[in-house]
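Here are the chains, one letter per residue:
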Amino acid sequence: MRRSMLFLPGNTPNMLINGSCLGADAVIFDLEDAVAPAEKDAARILVRNTMRDLDFRGCETIVRINSIDTPYWKRDLDEVLPQKPALILLPKTGCAADVEAADDYITLVEQRLGFAPNTVGLMPLIETALGVENAFAIASARSRVAALFLGAEDLTADLQCQRTKEGREIDYARHRLVVAARAANVAVYDTPFTDVNDDEGIRTDAAYAKALGFTGKAAISPRHVEVINQVFSPTIKEIRYAFEVMDAIALAKEQGRGAIALHGKMIDAPIVARARQTLDMARELGIGREDL
Amino acid sequence: MTEIIRAASAGTLESSDVYVEIEPRTQGIELQLESVVLGQFGGAIEAAVREILAQFQVENARLHVVDRGALDCVIRARVETAILRGKGDN
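For the record, the sequence lines run as chains C and W. This note's numbering applies: residue 1 is where the first sequence begins, and numbers increase by one. This note's numbering applies: residue 1 is where the second sequence begins, and numbers increase by one.
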């Protein structure tokens, strides 16, 4: 379960060492934008040590490396891959060839380390107009790709438009990424909401992303994590309904009936699939029938 | 053996970090340590610094370490970075 992903600047110890206590399902150690060029060496060593020595149990680790058009990305991977991050976030992914280049190098390092293939997943960061247009090709380029991630700040710069709180300028990209990711059967994560002090704004923005089909959302501030987790968790009402759907299915099966209705509405395959997803998440959150 | 050929530094003076300066020296290790928790953890900090120096086979260097309550993994990272910068890797 990956509802929230919290960015942590890769060269800032007091953020890194507390990363697992901030409630996020995953933390993203950032070696890219949060780190000045002169500190890239220090950050990758610090992130490597932090991942190696601190306990991040219950909190997935992701590393945003530098993009493949920089001299840093292979050294980033050399340092962090031995620590087995769940995912590598690959910035400025514009086409399938970018994924292939990263995947080829990760495969080499994995083999060198004796890891099973695809031990570490890849999450292309789509933050250019080219990346948006190539989203499906990127998502389906290699089996290592586990998710797409929308980066709206760089994208709006590339689109030559203003980034607004309402986000109308990224609507097309959001829709396009969700469809591309779902078509490729991978997860999809929404861009962070950047106004740290707007509690209502983050809730509205996260709810909109969930309504579009995003799997979860990134955060640049620990203040946003709890809201994102709430928005991307099933409600008690949804969980109760999902149990009712599964009970109705079981009963119909027992009685040999094909068509089933619940509260006057026919239950079809998509409703059952959604109920299963809801119950899977409820299970991960430790919510059972007895809690309803 | 790794030779320190130039003065270099790593880290910051922010909370939970440590600032490490390293420079060439002709004979042995000279370590000057300042810490907000010197009484409690001075020995452990010095041991971590010396362990990384040994790991990189640095036998001659002068170090000035200013600790702001850094964890062991942070101290080791900053000393390693200072060594790599001082030996001219970057």
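Mixed in with the good hints there might be a few duds.
In the DMTMM-like style, the derived pairs of lysine to aspartate or glutamate whose C-alpha atoms are separated by at most 25 Å in a straight line are [to be verified]: (1) C:Lys74 / C:Glu60; (2) C:Lys265 / C:Glu284; (3) W:Lys87 / W:Asp72; (4) C:Lys84 / W:Glu21; (5) W:Lys87 / W:Glu51; (6) C:Lys210 / C:Glu238; (7) C:Lys237 / C:Asp195; (8) W:Lys87 / C:Asp78; (9) W:Lys87 / C:Glu39.
Please keep in mind that the hints were generated in silico from the structure rather than gathered at the bench.
Distance restraint between Lys265 (chain C) and Glu284 (chain C), which requires alpha-carbon spacing of 25 Å or less: Measuring from Cα to Cα gives roughly 28 Å; hence the hint is violated.
Pair hint outcome, Lys87 (chain W) versus Asp78 (chain C) [Cα-Cα no greater than 25 Å]: Holds, at roughly 20 Å.
25 Å limit on alpha-carbon distance, applied to hinted pair Lys210 (chain C) and Glu238 (chain C): Answer holds: Lys210 (chain C) to Glu238 (chain C) is near 14 Å, not above 25 Å.
Distance restraint between Lys87 (chain W) and Glu39 (chain C), which requires alpha-carbon spacing of 25 Å or less: OK: Lys87 (chain W) and Glu39 (chain C) at ~16 Å, within 25 Å.
Pair hint outcome, Lys74 (chain C) versus Glu60 (chain C) [Cα-Cα no greater than 25 Å]: 22 Å, holds
Hinted pair Lys84 (chain C) and Glu21 (chain W), Cα distance within 25 Å: 31 Å, violated
Pair hint outcome, Lys237 (chain C) versus Asp195 (chain C) [Cα-Cα no greater than 25 Å]: 30 Å, violated
Hinted pair Lys87 (chain W) and Glu51 (chain W), Cα distance within 25 Å: Since the Cα atoms of Lys87 (chain W) and Glu51 (chain W) sit roughly 17 Å apart, the hinted pair holds (cutoff 25 Å).
Lys87 (chain W) paired with Asp72 (chain W) [C-alpha distance capped at 25 Å]: 23 Å, holds
In this structure, the hints that do not hold are numbers 2, 4, 7, in rising order.
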